[in-house]
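2 protein chains.
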Amino acid sequence: MTNQHATEPKIAEKPAELAAIIRDIREMMARNRLVEGLVDRSQDAHHELVERIVHKQNLTRLAQKIEQLHPADIALILEALPVDERMAIWSLVHADQDGEVLLEVSDAVRMSLLAAMDREEMLNAANTLDTDELADLAPDFPAQVMQEVFTTLPLAERERLRFALSYPEDTVGALMDFDLVTVRADVRIEVVLRYLRRMEDLPDHTDKLFVVNRDSSFVGVIYLKNLLLSDPDLAVHQAMAKEVVRFHPEDKARTTADAFERYDLVSAPVVDEHNRLIGRVTINAVVDFIREARDEERLSQVGLREEEDIFAPIARSVKNRSPWLAVNLVTALVASRVIGLFDGAIEQLVALAALMPIVAGMGGNVGNQTITMIVRELAFRTLDNRDIRLLYSKELRIALINGMIWGGALGLITFLLYHDSALSLVMAGAVSLNFLTAAFFGVTIPVTRMKLGRDPALGSSVLITAITDSGGFFIFLGLATVFLMN
Amino acid sequence: MTNQHATEPKIAEKPAELAAIIRDIREMMARNRLVEGLVDRSQDAHHELVERIVHKQNLTRLAQKIEQLHPADIALILEALPVDERMAIWSLVHADQDGEVLLEVSDAVRMSLLAAMDREEMLNAANTLDTDELADLAPDFPAQVMQEVFTTLPLAERERLRFALSYPEDTVGALMDFDLVTVRADVRIEVVLRYLRRMEDLPDHTDKLFVVNRDSSFVGVIYLKNLLLSDPDLAVHQAMAKEVVRFHPEDKARTTADAFERYDLVSAPVVDEHNRLIGRVTINAVVDFIREARDEERLSQVGLREEEDIFAPIARSVKNRSPWLAVNLVTALVASRVIGLFDGAIEQLVALAALMPIVAGMGGNVGNQTITMIVRELAFRTLDNRDIRLLYSKELRIALINGMIWGGALGLITFLLYHDSALSLVMAGAVSLNFLTAAFFGVTIPVTRMKLGRDPALGSSVLITAITDSGGFFIFLGLATVFLMN
Numbered sequence: 001m002t003n004q005h006a007t008e009p010k011i012a013e014k015p016a017e018l019a020a021i022i023r024d025i026r027e028m029m030a031r032n033r034l035v036e037g038l039v040d041r042s043q044d045a046h047h048e049l050v051e052r053i054v055h056k057q058n059l060t061r062l063a064q065k066i067e068q069l070h071p072a073d074i075a076l077i078l079e080a081l082p083v084d085e086r087m088a089i090w091s092l093v094h095a096d097q098d099g100e101v102l103l104e105v106s107d108a109v110r111m112s113l114l115a116a117m118d119r120e121e122m123l124n125a126a127n128t129l130d131t132d133e134l135a136d137l138a139p140d141f142p143a144q145v146m147q148e149v150f151t152t153l154p155l156a157e158r159e160r161l162r163f164a165l166s167y168p169e170d171t172v173g174a175l176m177d178f179d180l181v182t183v184r185a186d187v188r189i190e191v192v193l194r195y196l197r198r199m200e201d202l203p204d205h206t207d208k209l210f211v212v213n214r215d216s217s218f219v220g221v222i223y224l225k226n227l228l229l230s231d232p233d234l235a236v237h238q239a240m241a242k243e244v245v246r247f248h249p250e251d252k253a254r255t256t257a258d259a260f261e262r263y264d265l266v267s268a269p270v271v272d273e274h275n276r277l278i279g280r281v282t283i284n285a286v287v288d289f290i291r292e293a294r295d296e297e298r299l300s301q302v303g304l305r306e307e308e309d310i311f312a313p314i315a316r317s318v319k320n321r322s323p324w325l326a327v328n329l330v331t332a333l334v335a336s337r338v339i340g341l342f343d344g345a346i347e348q349l350v351a352l353a354a355l356m357p358i359v360a361g362m363g364g365n366v367g368n369q370t371i372t373m374i375v376r377e378l379a380f381r382t383l384d385n386r387d388i389r390l391l392y393s394k395e396l397r398i399a400l401i402n403g404m405i406w407g408g409a410l411g412l413i414t415f416l417l418y419h420d421s422a423l424s425l426v427m428a429g430a431v432s433l434n435f436l437t438a439a440f441f442g443v444t445i446p447v448t449r450m451k452l453g454r455d456p457a458l459g460s461s462v463l464i465t466a467i468t469d470s471g472g473f474f475i476f477l478g479l480a481t482v483f484l485m486n
Numbered sequence: 001m002t003n004q005h006a007t008e009p010k011i012a013e014k015p016a017e018l019a020a021i022i023r024d025i026r027e028m029m030a031r032n033r034l035v036e037g038l039v040d041r042s043q044d045a046h047h048e049l050v051e052r053i054v055h056k057q058n059l060t061r062l063a064q065k066i067e068q069l070h071p072a073d074i075a076l077i078l079e080a081l082p083v084d085e086r087m088a089i090w091s092l093v094h095a096d097q098d099g100e101v102l103l104e105v106s107d108a109v110r111m112s113l114l115a116a117m118d119r120e121e122m123l124n125a126a127n128t129l130d131t132d133e134l135a136d137l138a139p140d141f142p143a144q145v146m147q148e149v150f151t152t153l154p155l156a157e158r159e160r161l162r163f164a165l166s167y168p169e170d171t172v173g174a175l176m177d178f179d180l181v182t183v184r185a186d187v188r189i190e191v192v193l194r195y196l197r198r199m200e201d202l203p204d205h206t207d208k209l210f211v212v213n214r215d216s217s218f219v220g221v222i223y224l225k226n227l228l229l230s231d232p233d234l235a236v237h238q239a240m241a242k243e244v245v246r247f248h249p250e251d252k253a254r255t256t257a258d259a260f261e262r263y264d265l266v267s268a269p270v271v272d273e274h275n276r277l278i279g280r281v282t283i284n285a286v287v288d289f290i291r292e293a294r295d296e297e298r299l300s301q302v303g304l305r306e307e308e309d310i311f312a313p314i315a316r317s318v319k320n321r322s323p324w325l326a327v328n329l330v331t332a333l334v335a336s337r338v339i340g341l342f343d344g345a346i347e348q349l350v351a352l353a354a355l356m357p358i359v360a361g362m363g364g365n366v367g368n369q370t371i372t373m374i375v376r377e378l379a380f381r382t383l384d385n386r387d388i389r390l391l392y393s394k395e396l397r398i399a400l401i402n403g404m405i406w407g408g409a410l411g412l413i414t415f416l417l418y419h420d421s422a423l424s425l426v427m428a429g430a431v432s433l434n435f436l437t438a439a440f441f442g443v444t445i446p447v448t449r450m451k452l453g454r455d456p457a458l459g460s461s462v463l464i465t466a467i468t469d470s471g472g473f474f475i476f477l478g479l480a481t482v483f484l485m486n
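Line by line, the protein sequences are chains V and D. Each residue of the first sequence is one higher than the one before, starting from 1 at the first, in our numbering. Each residue of the second sequence is one higher than the one before, starting from 1 at the first, in our numbering.
Pulled out of the complex, with its shape left as it was, chain V reads as follows (with noise of 0.2 angstroms):
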């Protein structure tokens, strides 16, 4: 991120802020349109001329307007807009905040915003940002482009650029930056005060410096507070701090992310397996990790691999969608095929079919529940052996008592609607033994895909679901024939 905006952005922090310039910035273009079409049906030379002048106005205002926001915000604006005014909004945005905009956008719009450029405000775009942020956008932008920024850049940022992008997504590697101010341990203070203040402008998010020594090797950090705080006669290493956190670009993202959150940090040094000091990590780096990641959560339980915008195209949203229909088509296949086992059963005593299917229910509701709690308990740390033990001991015997409560409601309410003792006493069974199957895979899931190393919420669910669906039908149509049928 650079810094020019950062100090004195036109804000809008508020979303009905924000609303209300995009109803501004829409009226704007709507009237705009309306002077374009007085242009273009002007009979009189006169008349097309003030109108064209008007236009070009109304378009400065409208550019004026744009160029004072953050580009955080333009962002936002860009993404509520239908494409065709998106595509004129974007032709208005200065040169110089394209880049900073083309970060901020979701996948889908920089898609659309990318089209519409050309080759030579690609290369303008890609000027304006730093490597790490270059690294960001790097997959989006067409090979050839890419390959030519690459030459532009001097030799180190090159390195830079190669390094940030061999790093997958999910690593320190891709979340760092390279925005270091390093000091040597061994001068005074005063000197670092007077270096500094030859500097034009410190890196967003320099809550420190990273103190080192002649290899660069890592050996510390002095906060900008301790610079101020501290007798400038001191030397840095008297007033720095030795013991901090400090990460390798082959961490994963998600436990750095813990560590922020743990140790309320600001910004973190990254450092390579001898300890030389390589880049460093800030807490806007993480808190947008943590928002994608969340967002990525959010989409994949439901299974949706990427987000949609309401403007974009059909075809891509039915394609975005046709992956989970796909499974849960086989799962909900299986589940049938495991009811047609039972035909005679049904055809004997049709009730079976109407309370099947709450047998099924509420057995997917208790695995689910069981595999949240899980989630999130491993969310924190790793479980060992004991507290696995402990786990299926404590959700099988939730399962058994909430069995007990729930199976006894749904025996009674089964009594009180067919007056059959047997099919109540099936019920309630079934509805228990159900539970106990969804305690059982509900911890089994998750704790197995630990064991593999596996993200152990994905998928979970809807496994969980196939299998309390399946498992439902088969125990109750099973205890019914073998209990209830002749």
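Among these hints, one or two may not hold up.
One copy or two, either will do: identical chains are not told apart, so a pair holds if it fits within one copy or between any two.
As the list claims (entries may be wrong) - Subject to a maximum C-alpha distance of 20 angstroms in a straight line, what follows is the list of computed EDC-like cross-link-like pairs (lysine to aspartate or glutamate):
1) K56 <-> E148
2) K242 <-> D201
3) K451 <-> D384
4) K65 <-> E85
5) K56 <-> D44
6) K65 <-> E159
7) K65 <-> D136
8) K451 <-> E17
9) K56 <-> E190
10) K242 <-> D204
11) K56 <-> D118
12) K252 <-> E297
13) K252 <-> E17
14) K242 <-> E67
15) K242 <-> E17
16) K252 <-> E347
17) K451 <-> D288
18) K242 <-> E157
19) K242 <-> D170
20) K65 <-> D96
21) K451 <-> D387
Derived from the structure by calculation, the hints contain no laboratory data. A quick note: this is a predicted structure, and the numbers were derived from the prediction, not measured.
On the provided structure of chain V, position chain D as indicated by the hints.
Chain D alone, transformed into the frame defined by chain V:
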């Protein structure tokens, strides 16, 4: 957060390191229980004395080990231990750290720790905390103790505490702290530097000082980096930023979190309606809020009201999980009664019983996908009527296309299974119609909640599933009755 451990924490930035510490601690405790056993069984006074000393030394070593840890890590360790070991460790935590640890642990664990503390220990813990931190703990402290804390506070602190307690959890008033460093606009930077050098420390997350005039109205901020980089002869107002994000105590915490994210803030001023500076919000409070909001969202998706850890008593877990099961019992019963309406049809054609859960289940998927996309859209902005019309049209068109694809596929599968072309047409039609129902209510539910000013996500999933279940059964069995029965 006090500063004491922030600069030089004994850190455990990776889960594996924390796990190792927990293992160490548990081993030390196990060894000590062994020694304790020896003391009890000792026949010989001399032996007993020796073993008592060993026991005591062990406890001291353990206490030292714990004292070196960051309070957030002590909190994680306490959460990972079963109740008896947790209490043993808690009694070893240094009194100075009690308050910080209480702030960091989960609600459930905090209850168990407070239950083991007497009045005096609680008062001591309260003494180590800032007003805004006290406000966070206040609801969990016994009223009597809180009253006593209150009376011991200086008048200004007391008013702040009352202030912080008067704002609900999801507002800026509850997020803010009072650790402000203020300066006047007309003094020279050199004077500010001298003033700072007389201070012992600055509050954590001080990236800027707040500039106020005589009646403490807020006029701007000056960044620490500008204090370091600017000419010391300049006046503060010449180096300060005037237009900065500011919040009011009644603002929504979530809106504030969005603004921190968009504008990459570290701290921001909170002002009252007369623009008087009353406090600040820092990024660590925002990150904590984001984490808690995410946790709450996850729990509420499966109808859980509070977190449970794996050592929580069973009875509490059973109670915690009941409301959702109760709600689902009702929705499942409704769906069951819908099926009951068509028992004649099922008796005639038992294949209907096997096929109906597919119609209901896949409709639920479509509805949940629609809701997820819309909730995501609503997180960033408010939708106007034009947007909402666009949403309905888009989602219904996607549902129609998906209905044709998946309805068609299911129609075909039905024909292959049952060789009944009328049944397979009914299946295809029912799937398509239920997809359209799901899309319609998938837009209507969150949009209506938004218009009523509620959280669009809360409970939406339960509601849409209830609709697509009962609706799916009704559509499928209804079509079957009309077209297949005679």
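Now for the hints, and whether the structure bears them out:
Within a single copy, K56 and E148 get their C-alpha atoms no closer than 35 angstroms, and across copies no closer than 69 angstroms, so neither meets the 20 angstroms cut-off. Within a single copy, K242 and D201 get their C-alpha atoms only as close as 26 angstroms, which misses the 20 angstroms cut-off; across copies the closest is 18 angstroms, which meets it. Within a single copy, K451 and D384 get their C-alpha atoms as close as 10 angstroms, which meets the 20 angstroms cut-off; across copies the closest is 47 angstroms, which misses it. Within a single copy, K65 and E85 get their C-alpha atoms as close as 16 angstroms, which meets the 20 angstroms cut-off; across copies the closest is 62 angstroms, which misses it.
With identical chains, the CA atoms of K56 and D44 are at most 20 angstroms apart within one copy only, with a shortest distance of 18 angstroms there and 102 angstroms across copies. Taking CA atoms no more than 20 angstroms apart as the test, K65 paired with E159 passes in neither setting, with 38 angstroms inside one copy and 43 angstroms between copies. Taking identical chains as interchangeable, the C-alpha atoms of K65 and D136 are never at most 20 angstroms apart, the minima being 28 angstroms within one chain and 42 angstroms between chains. In this homomeric assembly, K451 and E17 come within 20 angstroms of each other (Cα to Cα) only across copies, at 18 angstroms, whereas the closest approach inside a single copy is 48 angstroms.
In this assembly of identical chains, the alpha carbons of K56 and E190 never lie at most 20 angstroms apart, being 55 angstroms within a copy and 49 angstroms across copies at closest. Proximity of K242 and D204 under a CA criterion of 20 angstroms is satisfied inter-copy only: 18 angstroms between copies versus 23 angstroms inside one chain copy. Proximity of K56 and D118 under a CA criterion of 20 angstroms is satisfied in neither setting, with 23 angstroms inside one chain copy and 75 angstroms between copies. Proximity of K252 to E297 under the C-alpha cut-off of 20 angstroms is restricted to the intra-copy arrangement: shortest distance 17 angstroms within a copy versus 24 angstroms between copies.
Taking the closest pair of Cα atoms, K252 and E17 come within 20 angstroms of each other only across two copies (14 angstroms); inside a single copy the shortest separation is 37 angstroms, beyond that limit. For the homomeric pair K242 and E67, the shortest alpha-carbon distance between copies (18 angstroms) is at most 20 angstroms, but the shortest distance inside one copy (44 angstroms) is not. Taking identical chains as interchangeable, the C-alpha atoms of K242 and E17 lie at most 20 angstroms apart only when they sit on different chains, with a minimum of 19 angstroms there against 45 angstroms within one chain. In this assembly of identical chains, the alpha carbons of K252 and E347 never lie at most 20 angstroms apart, being 56 angstroms within a copy and 57 angstroms across copies at closest.
In this assembly of identical chains, the alpha carbons of K451 and D288 never lie at most 20 angstroms apart, being 28 angstroms within a copy and 28 angstroms across copies at closest. Proximity of K242 to E157 under the C-alpha cut-off of 20 angstroms is found in neither arrangement, the shortest distances being 29 angstroms within a copy and 35 angstroms between copies. Taking CA atoms no more than 20 angstroms apart as the test, K242 paired with D170 passes in neither setting, with 28 angstroms inside one copy and 37 angstroms between copies. Taking the shortest alpha-carbon separations for K65 and D96, only the intra-copy value of 15 angstroms comes in at or below 20 angstroms, while the best inter-copy value is 53 angstroms.
Only within a single protomer do K451 and D387 lie at most 20 angstroms apart by alpha-carbon distance; the minimum there is 13 angstroms, versus 45 angstroms between protomers.
Violated hints, in rising order: 1, 6, 7, 9, 11, 16, 17, 18, 19; the structure is consistent with all others.
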